[in-house]
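S.K.: Which chain is which? The protein sequence lines are A and B, in order.
Numbering follows this note's numbering, with no gaps: position 41 of the first sequence is 110.
Numbering follows this note's numbering, with no gaps: position 160 of the second sequence is 162.
The set of hints was computed from the structure by calculation and includes no laboratory data.
All C-beta atoms in this analysis are idealised placements derived from N, C-alpha and C, irrespective of residue type, glycine included.
Keep in mind that a hint or two might mislead.
Reference listing, derived: stretches of chain A covered by chain B, where coverage requires no fewer than 3 residues with Cβ under 8 Å from a Cβ of chain B [what the hints assert, rightly or not]:
(1) 75-87
(2) 252-266
Below are the DSSO-like pairs computed for lysine-lysine, each with C-alpha atoms no more than 27 Å apart in a straight line [what the hints assert, rightly or not]:
(3) B/72 x B/105
(4) B/72 x A/127
(5) B/157 x B/109
(6) A/218 x B/105
(7) B/111 x B/5
(8) A/218 x A/162
(9) B/78 x B/109
(10) B/72 x A/124
(11) B/157 x B/111
Residue-level listing of the chains:
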Amino acid sequence: MNNGVFAPWRWEALWASRQEFIDAFFVTVEVSFFALILALFLGVVFGLFSSSHNKILKGIARVYVEFFQNTPLVLQVLFMYYGLLYAGVDLSKTQIGVIGLGVYTGAYISEVVRTGITSIPYGQTEAALSQGFTHLQAMQHIILPQSVKIALPPLVNQMVALIKNTSVLAMIAGGDLMYRSNAWASNGTLSYGPAYLTCGILFFCLCFPLTYFAKRYEQKLKSVGNSSDKEVGAK
Amino acid sequence: MIKLVNVNKYFGNLHVLKDVNLEVKEGEKLVIIGPSGSGKSTTVRCMNFLEEPTSGEVYIDGELLTHRNKTELVRKTSAMVFQQFNLYPHMDVLHNLTLAPIKLQKKSKAEAEELAMKYLGLVGLADKAHVYPNTLSGGQQQRVAIARALTTQQKIIIFDEPTSALDPETVQEVLDVMVRLSEENITMVVVTHEMGFAREVADRIVFMDEGRIIEEGTPEHFFTNPENERTKAFLGKILRQ
C-alpha cells in the first residue's frame, strides 16, 4: 500500500470523516464570530478611553492593553480554563474561546481605534463642540466615521489574526478546526498530510475573503473626496 | 449677552489671559485686534468654553457658563468660524450644514436643507451643495464654514481669525461675506488682523496685548486718536504695511 504523506487512501479516510471537519469548521466560525464582536466592543470602548482626556480612563485602558499584549495568548487561555475550573465557574470551551480571544484581540483593536481617533486633527472635535455636540456625539458623527478609513487595514489584520488564533483552543481540546484536524490524524491513521492541508485551506477560505473585501472597501472609501490633509495644508 | 468677568487662563505656567473683563451686547459687532500671542483667540475660545478659564466667570445671557452646562448653553447661543475652517471632510457641503440642525435642534431634513440652501446662497455657493469640502478653495471652504455657522441660527457667531489661513486673493471674498453678514441682526465677535474690515464693520474695537485688554473704543477713536502707546505702536506697524 502507498504510505506517502498524501496517499490517496488517506484522502478517502478524510472524506469519510468529513462531517467531523465540517463541525470543527463551524466551531471555529462560531468562536471567531462572537469573539470578534466582543473584541470590537472592547476595542472601541477602551480605544475611546485611551483617547479621552480623563486620566483615570486612560490609566484603565493602559493597564488592559499592556497586560493582554505582553503575555502569551496560550497562557491567558490556559489560565482561564484551569483557573475557572478551580473557581467552580462552569464555562464551555467555546465560551472560553470567545472570551479569551475577544479580550486578547480587544486589546489590539483598542490600539487601532486609538490611533484612528488621534490621527484626526483636533480641530474636527473643536468644530463639533462649538456646534454643541457632546464629546461622545462628536466621536459618533464626526471623528469615528473619519477614523474608519485609517483604522480599517490594521483592523482587518486583527480580525484575520483572531480567526487564526482560534487554533489556540487546540490547547484545551476546544473542538475547533485545528484541534479536530490534529486529533483526527493522530488518533487513527496518522494522515497528518491531508488533515493539515484541509485545515489550512479552510482557514484560508475564512480569512482571504475578509482581506479581499476590506481592500475593496478601503479603495472605495479613499475615492470619496475626503482627505483631511488638504484642510490643514491650506495655510 | 456675553460677559467675561476677571477671566484668567493659564496654559501650564504660561499666563495667557490676565483679568480680562469684556461684555458683548446683543447685535454688537465686536472686533478684537492685537499682536500674535496676545490672548485674542483664547479670549473668544473662553466664550464657548473651548477653553475653560482657570479663574473668573463667563456669563451668557446672564447665565453662568460652567463645565456642566456648557454643551447645552453653547448649543443654544453661539456658533464659531475657525482659522482652519474645520469643515467635516467626510460629508458633502450640504451635510456639513445640516448635521447640527438635524441632530441637535431636531429639525426635519427638509427644513434643515432649506435653511442650508438659503445660507449657501447668501455666501454665494449654492451650486456647491453636493461637493466635498476638499474640492473647494480655501476661501470657498471658509464661506461654507460661515454658512454652517449661520444654518444653526445662533444669536452669536464667533470668528477666530477667519482669513489668516487664506491666500491673499481669496481673503476679500470672505470679508465681503462678513460685511454682508454684519448688516443682519447677529452678534459678531471677530478676532482679526484685517484693519479695513475692523474699521468698516466694528461697533467697538478691543486691543489686546500680553493677555490684557489695553484699550477699547469705536473704530473712529482707534484709527484717529488712540491713547495707549502700545496701541499706537501696533497700529503704526500694521497700517504701514
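S.K.: Does residue 105 of chain B sit within 27 Å of residue 218 of chain A, going by the straight-line distance between their CA atoms?
M.R.: Since the Cα atoms of residue 218 of chain A and residue 105 of chain B sit roughly 23 Å apart, the hinted pair holds (cutoff 27 Å).
S.K.: So is the region 252-266 of chain A in contact with chain B by the C-beta rule, three or more residues under 8 Å, or is the coverage claim wrong?
M.R.: This one is violated; 0 residues, fewer than the three required, reach chain B with a Cβ under 8 Å.
S.K.: Given the hint that residue 111 of chain B pairs with residue 5 of chain B, test it: the Cα-Cα distance must not exceed 27 Å.
M.R.: Violated. Residue 111 of chain B to residue 5 of chain B sits at ~35 Å, over the 27 Å cutoff.
S.K.: Starting from residue 157 of chain B, check that the Cα of residue 111 of chain B is at most 27 Å away, please.
M.R.: The given pair, whose Cα atoms are some 22 Å apart, holds under the 27 Å limit.
S.K.: Holds or violated: are the alpha carbons of residue 157 of chain B and residue 109 of chain B at most 27 Å from each other?
M.R.: holds, 17 Å
S.K.: Just to be careful, I want the Cα atoms of residue 218 of chain A and residue 162 of chain A compared with a cutoff of 27 Å; is the pair within it?
M.R.: violated, 35 Å
S.K.: Can you confirm whether the C-alpha distance between residue 72 of chain B and residue 105 of chain B stays at or below 27 Å?
M.R.: holds, 17 Å
S.K.: For residue 72 of chain B and residue 124 of chain A, compute the direct alpha-carbon distance and say whether it is at most 27 Å.
M.R.: Distance ~21 Å between residue 72 of chain B and residue 124 of chain A Cα, so the pair holds.
S.K.: Hinted pair, alpha-carbon criterion (27 Å max): residue 78 of chain B, residue 109 of chain B. Please report holds or violated.
M.R.: Roughly 14 Å separates the two Cα atoms, so the pair holds.
S.K.: Do three or more residues from the region 75-87 of chain A put their C-beta atoms closer than 8 Å to C-beta atoms of chain B?
M.R.: Since three or more residues must qualify, the claim that chain B covers the region 75-87 of chain A is violated, with 0 doing so at under 8 Å.
S.K.: Compare the distance between the alpha carbons of residue 72 of chain B and residue 127 of chain A with 27 Å, and conclude whether the hinted pair is satisfied.
M.R.: Holds, at roughly 23 Å.
Going through the hint list in order, the structure does not satisfy hints 1, 2, 7 and 8.
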